[in-house]
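Number of protein chains: 2
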Amino acid sequence: MKRAWIAGLLVATLSAAPLAAMADEGMWTFDNFPSAAVKAKYGVTVDAPWLARVRGASARLSVGCSSSVVTGSGLVLTNHHCVRACAQQLSTAGTNYAEDGFSALKREDEKLCPGMVAEILDTITDVTPAINAATAGKNGGDFVKARDAAIGATEKQGCAGREALYRCQVIALYQGGQYKLYAYRKYSDVRLVFAPEGQTAFFGGDPDNFNFPRYDLDFSFLRLYENGKPAATPAHLTWRTAPPKDGEPIFVSGNPGSTQRLLTAEQLMTLRDQNLPETLLLFSELRGRLIRFGEESAEHERIANDLLFGIENSFKAIRGEEQALVDPALIAAKTKYDADLKAATQKDATLAATIGDPWGETAAVQPLRRALYKPYYFLEARAGLGSDLFHYARLLVRAGEERTKADHDRLPEYSDSKLALLEKQVTDAQPVYPELEQLTLEFWLSKLRENLTADAEGTKLFLGKESPETLAARLSKSKLADAAYRKQLWDGGKAAIAASDDPMIRFVLATDAASRAIRKDYEDKVTGPSDRAAERIARARFAVHGTSDYPDATFSLRLSYGAVEGWTDNGVTVTPFTYYGGLWQRATGQFPFNLAPKWQGAESKVNPNTVFDFVSTNDIIGGNSGSPAISARGEVVGAVFDGNIESLGGSFGFDGRVNRAVTVSTAAITEALKNVYANDRLVTELLAR
Amino acid sequence: MKRAWIAGLLVATLSAAPLAAMADEGMWTFDNFPSAAVKAKYGVTVDAPWLARVRGASARLSVGCSSSVVTGSGLVLTNHHCVRACAQQLSTAGTNYAEDGFSALKREDEKLCPGMVAEILDTITDVTPAINAATAGKNGGDFVKARDAAIGATEKQGCAGREALYRCQVIALYQGGQYKLYAYRKYSDVRLVFAPEGQTAFFGGDPDNFNFPRYDLDFSFLRLYENGKPAATPAHLTWRTAPPKDGEPIFVSGNPGSTQRLLTAEQLMTLRDQNLPETLLLFSELRGRLIRFGEESAEHERIANDLLFGIENSFKAIRGEEQALVDPALIAAKTKYDADLKAATQKDATLAATIGDPWGETAAVQPLRRALYKPYYFLEARAGLGSDLFHYARLLVRAGEERTKADHDRLPEYSDSKLALLEKQVTDAQPVYPELEQLTLEFWLSKLRENLTADAEGTKLFLGKESPETLAARLSKSKLADAAYRKQLWDGGKAAIAASDDPMIRFVLATDAASRAIRKDYEDKVTGPSDRAAERIARARFAVHGTSDYPDATFSLRLSYGAVEGWTDNGVTVTPFTYYGGLWQRATGQFPFNLAPKWQGAESKVNPNTVFDFVSTNDIIGGNSGSPAISARGEVVGAVFDGNIESLGGSFGFDGRVNRAVTVSTAAITEALKNVYANDRLVTELLAR
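Top to bottom, those sequences are chains A and B.
Per my numbering, the first sequence runs over residues 1135 to 1823.
Per my numbering, the second sequence runs over residues 1135 to 1823.
Treat each hint with caution, since some may be false.
Where chains are identical, the list cannot tell them apart; a pair therefore holds if satisfied intra-copy or between any two copies.
[As the list claims (entries may be wrong)] In silico EDC-like links for lysine to aspartate or glutamate, alpha-carbon gap of 20 angstroms or less: (1) Lys1611 - Asp1635; (2) Lys1476 - Asp1541; (3) Lys1245 - Asp1814; (4) Lys1290 - Asp1380; (5) Lys1450 - Glu1547; (6) Lys1450 - Glu1412; (7) Lys1450 - Asp1589; (8) Lys1240 - Glu1819; (9) Lys1808 - Glu1446; (10) Lys1599 - Asp1340; (11) Lys1594 - Asp1340; (12) Lys1508 - Asp1340; (13) Lys1363 - Glu1242; (14) Lys1599 - Glu1584.
These are calculated hints, taken from the structure and not from any lab test.
Use the sequences and the hints to build the structure in full.
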């Protein structure tokens, strides 16, 4: 069906109304929430204390997820798929927590999730003037370097003296129209408390993913620790066991990862014609390799599980985005929107002089972007693809090199403000699987050769006279699988790395200059000009539409509003709830429609009329996984775990008629903990008042 | 770079010149060859005797390839990749002719290629009036049925009384603007004589495929047999051992499979936005599964080899087509061409009344085509994907049913004129590999569910309560792997099939009505209206441009002309020849740049200056594989085995500046047979005068 927001785009410029006027649209920052509009539409008062309480209970997880604090002892609700990697890392050939579930019977059994950090937003400060001052008059790669150096300095200064407990991050909003310093209280000791069986959390598997009706208990619990003890978290949400009602207002507080709603038509066409199709083809083949790998043995299935889940989930999401972009009406509407904004800008001579023609500049960048895409992708941006060993090696090699430089001269991801998280991620112990490394490295190297061609300089440098298969076999023997060795290289820095005879370290040392060169080329010719133009487009939007709009998603804290509501598409009406009873009706006994053992005999143990999953009109996207669904009174009523298939075009716009967030209810979770898992410890903690 | 034929398209209507005027363009039928143009450009006389001789030496292979008769005893030159499947079928777990090569030391050792038929075109007869009379006034599915019935009847009548030695086939040319009856002399006993090692034929593998410079000995020899003896074939081409010269005129006689140069812009957009991307995604995942499968053991590598080769080859070809269509200039030029042709048609009131608005009708079909694409693809058109067992079962079930009907009431592929080839293909013995069946069936069924969704009626019917994995395991135990059982069911017909308890037969019996229903729906709503409109567009073209144009490729015999010539792209000039010496320079010792054992020490045995592969400006496409490259004097100078990467957009148009055919020279073949393979028997036969 046609997306309503395409029509909305056309209306927007003409009426000078914000894009969000037509529906429950918007991933709003906490310092610019449209409380008046929400009050008018839903009668709910979202005042400063309400916002502060919800903000203080919302935790961003470094695995790319959202979550909420739900008790005073640091208990955190998130999705099962957000702890799937942790559960797999904690497993061995003999235990499979990701598939069989995990339950700490007592606090001492709660287990550290390697590399995971939780961050709760504390303050927001506008730092736009400082960043703009640093970049004034700069262009291309110089602009990128100056901006990133100013960001690093601002972050370092913002958390100076409190680095152990806080992390400061500058968020570019409105594509650089604003820069805000977000200071987070951070928790670097996050432990797994409870996870249901993989099959219970992901019943229906990939076929049901992004669909509704749905029967997934996609939840799990983590706990924040401080000094080896559960953190005291008085600012938590209240656990509600009563299910939401049809039409009930729902707020979602979380970290939507990335949207492209402010891109120009030309940029969207590059996504449509190149970036998304290339990624889909790559993921399809990797998916095929992983599926067959997983069928070879139970152990292969176990170790490939998390990566395959991620690939299939991303594939479906990106496929939805691509399908949205193929609709010619979308590009036509964006083209008109761009032209109208440009025309409105040019009516004011002063404004026109300030803004210039960032649309034309953006269009001019696209051929370069297309030409550089493949070397940039395979040699730098996605080098190594899913290989942990390559990831570790590059991180260690680059950190070793960059840490010898002044902070403002480094690659930005190695600035002082980023080092604490990097160190934790590289030195926390976690299993590395040589057979899976062989698969991912071989895949990456074969696609590098295929896409760059066998005769390209980059291919010759990375492969030499080896084949992807033989080189991958050599590299997957790297000692970097050992956390102690990684710590030794991290601590030893550049000298220790230069002296290492590890094959993966040698490989990265031999190729890194080429990777850095293509990155610099890309920043000079693509990132710099694009970001510079985007800033001015943002200014044009502020000038024409005011600041009552919301920025694109950036994996930073946002609040969306909406209500429990089904939808109608092509004459078919989907009601907003599923109930426990439906689970047994949908179960076939065959994967992925089979039930975990504990659930096979549990039909009589739960109330068939308990609300299981539900949908609401909230505007969400990937990264929101694990976000609390919150009532008007600030109670948590569920954990958002998905969007419906119609919402996948949400990257480019929101259609309130059909886009829906999918949430597992606290009512269903409570009943499962009580009657199926008999987990009195958690039930007692959750229901304590 | 921009394709010249896009500009050509724009010129065409305005000047009323044929599309082919600008370059060595065209896949010409033998009854409409532009001899005058060739004489003018190359000074070569292509007269009726020349054409008759070349036609009589050109053999179409039922595996989708071309070939030429090169001695008086039925010896046929084609590509290695055209006999790869045959060589694999003749192999066992202990012998691998596809990889290690095959050489019959004496005639008695030449081995039957299962299911293979060679066909040499004898006569061409215009049957347009008869087909048109049968379809007059009919539309939609009725049109398709009437046309196909008339075609079947025409074919049956055309070969009446000589069916044992001849096959008649009606070819729809100019998208139905003409119908011609092609009568072929057929050879149903085709035997493998010689094949080099897989690594010699496909040196450089997938990375070098569709590239040049190239070092592939992609040739092999078959022999036509009659009554158990080598066929007498006096009308053969003469084997030339002298290499072609730069600029030398070259003719290619073969069967280009399919081009879409006459489609409307709207049809091309559907290919661009749906058919090609969907196919690429599917092939990518299957490729990934097959690659991993092949890595599991030498035997898995052996049995997956031919299917993986085919998938990778198709993937690269389709990817090239998709890339051509993504160029907005192509659709814009086609749109203008369509509009100009329509406008020219409408200037003449009588013509306008006859033609109507087939462009508008074609556009109106596209939304239906898109809506029906997935069920039609997965349940009917490509059901089973690569599964031999499903292919056999459907063929037997449908043949059993259709043969109880009058000829004109059958599905057209089961008309009397088609049965002989079908029977040979289904009853010839060839190995079926259960592990590979499991892989392909599981893949097909999982993609069926993914694309149609788990809740679709089609998914429920095909899968029932089984999963793709369990259903595939059950079906891959089918007895249809046994040729004797297939023969029993073919001979026993409908009753024997109804009584069969074979799981694959039962599966097809249970699902075939649904497959036929979606096919009928598709023919009613898509094929019928599209083909009906295409006929009238063809008439408009004839009226405006005359009949001096060539039709789209249809895997029927065509002749293209051109010359040995390199090309220049983005400032890089590629010379037209490679030489033996270059092979050892390119070899790295690692797959796919490794040499077969016989070649590792052979550098001193061959002349490094012998022309190995060469390129020419001939207009070819998939299906031309194995075609003879022919000199002005009618000698064979090579076997065409590829196009360069620039030629992949050739499906939609020909750019004479950069599109090149790639050929392995008879000079190189002769030298290899003499000095590396020491095959005196073949050398003597080839050089006999």
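Hints violated by the structure (listed by number, smallest first) | Going through the list in order, the structure violates hints 2, 4, 5, 9 and respects the others.
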